[in-house]
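Dock chain V against chain Y, hints included.
From first to last, the protein sequence lines are chains Y and V.
So the number in this note's numbering is just where the residue sits in the first sequence, counting from 1, plus 469.
So the number in this note's numbering is just where the residue sits in the second sequence, counting from 1, plus 469.
Take these hints with a grain of salt, some might be off.
Given that identical chains are not distinguished, each listed pair holds provided it fits within a single copy or across any two copies.
Taking lysine to any residue and the SDA-like style, the derived pairs with C-alpha atoms no more than 20 Å apart in a straight line are [said to hold, decoys possible]: (1) K1024 <-> G971; (2) K833 <-> M470; (3) K588 <-> R481; (4) K595 <-> R999; (5) K524 <-> G991; (6) K982 <-> D998; (7) K595 <-> G686; (8) K786 <-> V707; (9) K570 <-> T556; (10) K769 <-> A517; (11) K1024 <-> D1035; (12) K570 <-> L508; (13) K1024 <-> V975; (14) K588 <-> L508; (15) K524 <-> E651; (16) K521 <-> V988; (17) K665 <-> S473; (18) K570 <-> W555; (19) K569 <-> P614; (20) K524 <-> I604; (21) K813 <-> P577; (22) K823 <-> E856; (23) K924 <-> N490.
Keep in mind the hints are simulated off the structure, nothing from the lab.
Source: prediction; values computed, not measured.
Residues per chain, in single letters:
Protein chains: 2
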Amino acid sequence: MRLSTLFLRTLREDPNEAEVNSHKLLLRAGYIRRAGAGLYTWLPLGLAVKAKIEKVIREEMANAGAQEVFFPALLPREPFEATNRWTEYGDNLFRLQDRKKTDYLLAPTHEEMFTLLVKDLYGSYKDLPVALYQIQNKYRDEARPRAGLLRGREFVMKDAYSFDVTDEGLKAAYQAQRDAYERIFTRLGVDYVIVKADAGAMGGSASEEFLSPSPIGEDTFVRSPGGYAANVEAVATVVPPAIAIEGQPAAQVIATPAASNIKRVVQFATDNVQRADGEPWTAAHTLKNNVMALVSPEGKRELVVFGLPGDREVDAKRAEAAFSPNEVEQANEEDFAKHPELIKGYIGPVKDGKALLGLEGSSKIRYLLDPRVVEGSAWISGANESEKHIFDLVKGRDFNADGIVDIAEVREGDQAPDGSGELQLARGIEIGHVFQLGRKYAEALGLQVLDENGKLVTVTMGSYGIGVTRLVAVLAEANHDDKGLIWPSAVSPADVYVVAAGKDDVVYETAEKLAAEIVATGRTVILDDRLKVSPGVKFGDAELVGVPQIIIVGKGLEQGEVDLWDRRTGERRAVPLQSALQELN
Amino acid sequence: MRLSTLFLRTLREDPNEAEVNSHKLLLRAGYIRRAGAGLYTWLPLGLAVKAKIEKVIREEMANAGAQEVFFPALLPREPFEATNRWTEYGDNLFRLQDRKKTDYLLAPTHEEMFTLLVKDLYGSYKDLPVALYQIQNKYRDEARPRAGLLRGREFVMKDAYSFDVTDEGLKAAYQAQRDAYERIFTRLGVDYVIVKADAGAMGGSASEEFLSPSPIGEDTFVRSPGGYAANVEAVATVVPPAIAIEGQPAAQVIATPAASNIKRVVQFATDNVQRADGEPWTAAHTLKNNVMALVSPEGKRELVVFGLPGDREVDAKRAEAAFSPNEVEQANEEDFAKHPELIKGYIGPVKDGKALLGLEGSSKIRYLLDPRVVEGSAWISGANESEKHIFDLVKGRDFNADGIVDIAEVREGDQAPDGSGELQLARGIEIGHVFQLGRKYAEALGLQVLDENGKLVTVTMGSYGIGVTRLVAVLAEANHDDKGLIWPSAVSPADVYVVAAGKDDVVYETAEKLAAEIVATGRTVILDDRLKVSPGVKFGDAELVGVPQIIIVGKGLEQGEVDLWDRRTGERRAVPLQSALQELN
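Just chain Y, same shape as in the assembly (with noise of 0.2 Å):
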């Protein structure tokens, strides 16, 4: 690649539309360019880097014993019917009708397509398993596209697919795509941390995250001292134990004057009332009653109340997590007219005595806790009366609820679920996700071979995905500085970038015979032979577009020597022209 006619251009400033360094380095080093919202077109540099990914990819899934289809980014409507999905991805779908008015998509994912076409052609146990994946355009029409190639619209993913029998087989397959994960990953030069997950729309079980710490990232994830590792929508509370009720005082209703929010409750029972146990009273002692709207993807709103300590919010993610598809909202102002038993700061599972939260109460709003509202644990409420709490209502013997779910903030310092220790929380990128699906897809697309005996049994799945374009993002976002992008050599667009800084004839021809010696050697080179550019403006550009390894050819050269530039330590250091070949790693 020459500088002189490569299609590139530099750019001197931050362009607007850019937030975050990856994003913005990109651009200006002429990786890219913004096509639209959430589009982005490759330029030849950016598409050198993409192509050495996907090879490792590649590569790292042929030793995986995965092959490599190709399916329609069209998809008609019907296979994602079948499994709730036309309906369930909402919003984030593009869908399109063609010129018979037929229903079609752009696919956010193919686990559809890979069940039926599997089914299309095996039929036996001797056929399993079998694993396919595919490097493939992928289309989700983002609510907020961000940050350049880490949430675009159209993003290239590998998505790899297991088929087997039993449920060993399964683990087996996840194993290997696991295994690949780590070499690829590590291949690339990406840092990452594999945690827990949830499944989410996906269904399914076992689920782990590759996450990219950066703290641009999107994703929250936990790590403990003791190796415990999971995004924050997968941590399971630990659930304190339960407590004995006999013994405990009875529930009071107790006016409290303007105290309508935690804080003044608080400050009431500090000044008013004396604790059992004689410690002081927190927010942690209050029964928190938070009113929210589930929205279904077919557009039907229920109510829910949760009931968690008033020191802890809820985190919206988790609430997202665990009740999807439906989408978790606040209630809004005319929810509430529909309940007028709802009094606002007052809110509680019990009224008079009664029950007015949860399916059996009087309100039939369902009633959830979180796990830390344990059997016999005794709190302060709202008493569905203006100014009015409940105290000491106890837990199992006062109020009860519909479910327990896992929505709460995850804090630092909350105790790993596995006893490994105090969490610590940390923002990372999704880079990758390997999931046992188990029976869903298969069941709903009828995906059976016949067993052994003869018997037809439903076959098991597993569904793999690497963000191939946002990798790039990610790559850049970790290895840049001030000055530009420093790309890990394994996905650099060229292992070496030859600079011929200066006026005369022989500093052009010495590059050009020095890049054309590297090229022999089966290295790819970047060689800025551009007439008419000051050997600074060269300097800035080399720095920007960030290859490692970068040789100038300039002032030295009379004394025979030219210049090796370390990208990343900015070590620059003469060498004599003969051995410059040899000097490079």
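Structure of chain V alone, referenced to chain Y:
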């Protein structure tokens, strides 16, 4: 690739969905599967063939100096609005809206986006010329998807575009791509003819198509002994010389009872009227007036009458090309009801000595003529009265028209426009198209650069397409027999196909060892290592899959021999195992 694990099931029977041989065989041999109307899934073998074609294209694009980029398939409406193609594409365009109700499309071709990208990055004549290309999924909502990969709705194209300041530059860029296409098709082993083409909906001037001759082709093209070749849409009719008007007999209206079609008119004339030159009357002496409706992309309907010699028909494709972007329909009953002056079977340009057809005529319907209707030519035409015709109606004396349009059928035996002899007709499949777009897109989208004098000049463009997935079908169509496919070696999914035909372990071990030795020489191998599958079935699959070189490890092994089987010639000969490798070409 081992058949014991390869994701492949060959089919014994022709699938119902397939009509043409390439489609049948690609399905039966496990290269592709149907995913929806005009939508195909690529299985491992098909993907291998497609990858080989793409590799050849990439190498030759690089040789031609074109640089690879990659655009989204999902694109915003605006650029296509600026060139009016959002509307002009009519029903062929897949349109959709995102969650914000913003209009998008699935791109059928990318002229607009390439133009905008170059505008985005470049600004000076010094930046040009540049040629860019992509290999990418395209979408067209075909009215009749057919013949598998030959006319699909999602398909892969290589589309390249050149950008130049001068017309000479464009010509050179065009030639470079044209040369690259010749190299590509030659390397792939595709038979092709380069024909003059109509630029059609794409605008622009010089345009040639690469057609692969095939009886199942949708394109008709002509060839002359002297080397002329053109798509039937692009053939210019050889215009006979004008005839002196002076001295010709006056036009006269003659009652022609029941002569409501050309055949009857000729019969009537033969029975009742003596020709001045003594020759017999033929349909070529009558002027047939065809009433057609042009429907604009916006839905506007305009009637036109086309007059041509009565021995010719309108060619639908030539008419479509001439009137693009309008669609061409035959006038319907409703159209005739609005124009009672048009008497079916007796339509003509003149009534009672005054013009009826034409914008100047009483009907105000545009009247167009075939180029053979030259000045001074005399015709029998309908008199716009039931059962009456006008004889000796002379063009230029008795009637005129609003223009000439060359849309009559081209016939075997017609003269080539360049005087190179009689035309022969043949059918072909379009595999490539090169043309000089000129400044149409650059003007519509404002692509200008500063010239040497600092003046803004509009860039001139070329557009160059190859149907990548279609080529797979074209190659299959041209390379098969009744037993299966026979790939040219450049695109075969593997270089060698090794069959282990027997039950003894030594057969499998030898086949394995031989396959490994071939792979070690850098060639790819498909190894049929299936246990419990009969040699007959294995040979059948080998013929179906169509790798050109087959090695059979079987009975001959006792004599230390294997069979080399040439799939194309069918020749099968025993060679010593030791020399099998050298015997492969």
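Here's how the hints hold up against the structure:
no. : hint            : result
1   : K1024 <-> G971  : within (7 Å within a copy, 71 Å between copies)
2   : K833 <-> M470   : neither (70 Å within a copy, 62 Å between copies)
3   : K588 <-> R481   : between (54 Å within a copy, 18 Å between copies)
4   : K595 <-> R999   : between (61 Å within a copy, 12 Å between copies)
5   : K524 <-> G991   : both (16 Å within a copy, 18 Å between copies)
6   : K982 <-> D998   : within (12 Å within a copy, 50 Å between copies)
7   : K595 <-> G686   : neither (43 Å within a copy, 42 Å between copies)
8   : K786 <-> V707   : within (19 Å within a copy, 74 Å between copies)
9   : K570 <-> T556   : both (18 Å within a copy, 18 Å between copies)
10  : K769 <-> A517   : neither (47 Å within a copy, 48 Å between copies)
11  : K1024 <-> D1035 : within (18 Å within a copy, 62 Å between copies)
12  : K570 <-> L508   : between (26 Å within a copy, 17 Å between copies)
13  : K1024 <-> V975  : within (11 Å within a copy, 67 Å between copies)
14  : K588 <-> L508   : between (34 Å within a copy, 18 Å between copies)
15  : K524 <-> E651   : within (15 Å within a copy, 29 Å between copies)
16  : K521 <-> V988   : within (17 Å within a copy, 24 Å between copies)
17  : K665 <-> S473   : neither (49 Å within a copy, 35 Å between copies)
18  : K570 <-> W555   : both (16 Å within a copy, 18 Å between copies)
19  : K569 <-> P614   : between (31 Å within a copy, 13 Å between copies)
20  : K524 <-> I604   : both (10 Å within a copy, 17 Å between copies)
21  : K813 <-> P577   : neither (41 Å within a copy, 56 Å between copies)
22  : K823 <-> E856   : within (18 Å within a copy, 98 Å between copies)
23  : K924 <-> N490   : neither (57 Å within a copy, 37 Å between copies)
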